[in-house]
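From first to last, the protein sequence lines stand for chains A and B.
Take 1 as the starting number for the first sequence in the numbering used here and just add one per residue.
Take 1001 as the starting number for the second sequence in the numbering used here and just add one per residue.
Just to be clear, a hint being listed does not mean it is correct.
[To be verified] In silico negatives: residues of chain B with every beta carbon more than 10 Å from chain A:
(1) L1020
(2) Q1064
(3) I1134
(4) L1139
(5) Q1236
(6) K1243
(7) L1292
(8) T1370
(9) D1373
(10) L1404
[To be verified] Each computed DSS-like pair below joins lysine-lysine, with the alpha-carbon atoms no more than 30 Å apart:
(11) B:K1156 - A:K222
(12) B:K1157 - A:K57
(13) B:K1157 - A:K222
(14) B:K1272 - B:K1243
(15) B:K1161 - A:K222
(16) A:K57 - A:K43
(17) A:K57 - B:K1156
(18) A:K125 - B:K1125
(19) B:K1157 - A:K125
(20) B:K1161 - A:K57
(21) B:K1009 - B:K1125
(22) B:K1226 - B:K1243
(23) A:K171 - A:K57
(24) A:K57 - A:K125
(25) B:K1086 - B:K1272
(26) A:K125 - B:K1065
Bear in mind the hints are in silico, worked out from the structure with no lab data behind them.
We put the beta carbon where it would ideally sit given N, CA and C, even for glycine.
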Amino acid sequence: MKIYSRLLPVLGTLLLLGGRLFAQDTPDFHQMLKRIDAQTNFKNTDLSARVTLVQRKPGEDDNVIQCEYFRRDAQDKFVILILKPDAQRGQGYLKIGDNITFYDPESRQFSTVTGSSNFQGSDAKNSDFQDSTLSEDYTVANAVRENLVNKDTWVLTLQARRDTVTYPKRKIWVEVGTDLILKSEDYSLSGRLLRTSLYGRYIEIEHRFIPQIMRFEDDLRKGQVTMIALDHPSLAHLPDSLFTRLYLEKVSQ
Amino acid sequence: MSLASMAFKNLARQKRRTLLLGGAIAFGLVVVTVVNGLSGGAINTLESNLSNLVAGNIFISGTQKLGTDGVEYRIGDDKPLLRAIKELRIPYTYLSRESLVRQAALISDSSTVYLTLYGVELGPKSFLRHHLSIVQGSLDGVAHSDGILISEASAKKLDVKLGDRISVQTTTTSGQQNVLDFTVRAIYRSIGVADSLSGAYADLARVNSLLNLPPGDYNELSLYLKDLGQSELWGQKLYDQLKANGVPLWPRSSDQSQIDSFLREGQWTGTKYLLQTLGDQLSIVKGLFSALNLVALFILLLLYVVIMVGITNTYRMIVWERTREIGTLRALGMQRNEVRNLFLLEAVFLALGGIVSGFVVGVGLLGLLTFPDFSIWKDFTILLHNNHLSPTIDIGSFFVDLLLVTALTALAASFPARKAARLEPAVALRSTF
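Generate the whole structure from the sequences, applying the supplied hints.
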């Protein structure tokens, strides 16, 4: 009994020290989400790039779509203008705040689409082209350390804060040290894995990071994959008139 | 002898000529009767078939404003709607509470089909039992289960059979991604090109889970009227009654982009309802058929312009042939206007004979067209009633055609008739023809 009473303070001290050491090693994950948002968003500049999207479906030829991509995160806006194929040339997307509008030059009509709708029937969602809002949309429910292709990562399980967020649950693989997302898994409300996304070749522009290659694998439709490549990224200022319906109408003529 | 009997006798004297002219008029009327009968029947059958598939001809959908985050489709409190229906004593066969999932993705191992999934009450009193032709499986046991009812065409495209599992992907009412698995329990007969309109059917509670709607809620209330033809009448009455009862309503519209703009408009709160009839939803199709009828009428008018020229020329010849006869009649005391009326009466009788016989032949042809079984005509079964054409006969249109064609024929004959009336009896009698 005497031995136990002497050992207890020692064990307590060891546990306390261990806990502190572990706490020092465990980052604040909400801050991590904020850092991810901050370093992938362009709040002080505009962003433009050429986007090439390749959609691969089993038994079908690849569908290649080329577009111009313009983003103004400070005002929560983006414009995507389809350049190729010819059949879709002139179609465009305009996001202002929560509203995303699709323009069809053939009918000369605008229609409302949602962020959760698939972009041009691919596995990319319209919301994949907007700024990152992980820290606003999600809380971190769980975090584990994992090795992903020889890279040390934190695997964060995210739960949506609101029922208007496209994916109620997500898992993201965040590289330790850089806070860059290397992989994500998106789940439905019923808990089914819907999509696995891989992000590669981040390029740094003025202390901001943008993935040059993204790969979206459809986990419901086996073998269906969408790859997106970004070229010629630029932070040059864009005219205000570009983020308007009028621009989409004029440019498609 | 009266002018009318003289006109009849004159027509009978030249049987071949009368038959050819009357036949030309009759042919025009056959074309119009058949085209109008087929298009009118097609609209009626389309409405009837779609009513069967979408459980009704009057629809009320609920939209609820979610702060700044958009719109949620749900009926919520249905008491004011049911009260108005009861107050008006609307004669309906079924009242269906449904949760619709537009553009739901049905995913099998080999393919994906996008269509409307209807969450409906699948109990023993379900409208589906009376309105869908089940070709495989049964609706028994589908209620309160994960069963799904799909069309033959969807089953073929998805490459699934009874008992197979398929996933259904959609967004919830608030916009989240969701997926649930369903088991194929029954397959119904396809309705051709409109197969995508018919969609798939599953238990209301299961579809509510997919949409993340509370149990017992739904997003569309449908009425299946006893008389399909009264959907517009009762739709307007119900709209007026709801408005009088202070139920918040969107203006009636069949234009989806207009409805979208209503919903986007920020200055509203709470729940508002949209009332539509099947006619509103089919306005585009109806427009197409109306255009077809207009084209038929245009062709008829062109045809009659040609026939009129023929009638004018023929009557010029008749007047020329009967110059001495006209002289004799005038010498016997017949007045100028009587001579003119004689020729006009001949033309009117000719027209009436052609119109009536054309209409009778047209109706006969339409009757014959109801006999063949067009079940092999799979893409257009939506336009068929039990695999047969179901044309309509519009008596109103017949009388319009009757007046129009008679007037045109009389007009064509009026020029030679007036010329005949102006002939001097002595000059006419000296004629050598």
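Q) Has the given pair, K1156 (chain B) with K222 (chain A), been kept, meaning a C-alpha gap of at most 30 Å? A) holds (19 Å)
Q. Under the criterion that the straight-line Cα-Cα distance not exceed 30 Å, is the pair K1161 (chain B), K222 (chain A) satisfied?
A. Measuring from Cα to Cα gives roughly 20 Å; hence the hint holds.
Q. When you check the alpha-carbon spacing of K57 (chain A) and K1156 (chain B), does it fall within 30 Å?
A. holds (19 Å)
Q.
Check the hint pairing K125 (chain A) with K1125 (chain B) against an upper bound of 30 Å on the C-alpha distance.
A. violated (41 Å)
Q) Does K222 (chain A) lie within 30 Å of K1157 (chain B) when you go C-alpha to C-alpha? A) holds (17 Å)
Q: Given the hint that K57 (chain A) pairs with K43 (chain A), test it: the Cα-Cα distance must not exceed 30 Å.
A: Violated, because 36 Å separates the two Cα atoms, which is more than 30 Å.
Q | 30 Å limit on alpha-carbon distance, applied to hinted pair K171 (chain A) and K57 (chain A) | A | At roughly 25 Å apart (the allowed maximum being 30 Å), K57 (chain A) and K171 (chain A) satisfy the hint.
Q: Test the statement that K1243 (chain B) is away from the interface with chain A: the closest C-beta pair must be farther apart than 10 Å.
A: Non-interface label stands for K1243 (chain B): nearest chain A Cβ at 27 Å, farther than 10 Å.
**Q.** Minimum Cβ distance from L1139 (chain B) to chain A greater than 10 Å, as the annotation requires
**A.** holds (25 Å)
Q. Are the Cα atoms of K1157 (chain B) and K125 (chain A) separated by 30 Å or less?
A. The given pair, whose Cα atoms are some 25 Å apart, holds under the 30 Å limit.
Q.
Just to be careful, I want the Cα atoms of K1161 (chain B) and K57 (chain A) compared with a cutoff of 30 Å; is the pair within it?
A. holds (23 Å)
Q | Straight-line alpha-carbon gap K1009 (chain B) to K1125 (chain B), limit 30 Å | A | It is violated: about 67 Å lies between the C-alpha atoms, which goes past 30 Å.
When the structure is compared with the earlier hints, violations turn up for hints 16, 18 and 21 and for no others.
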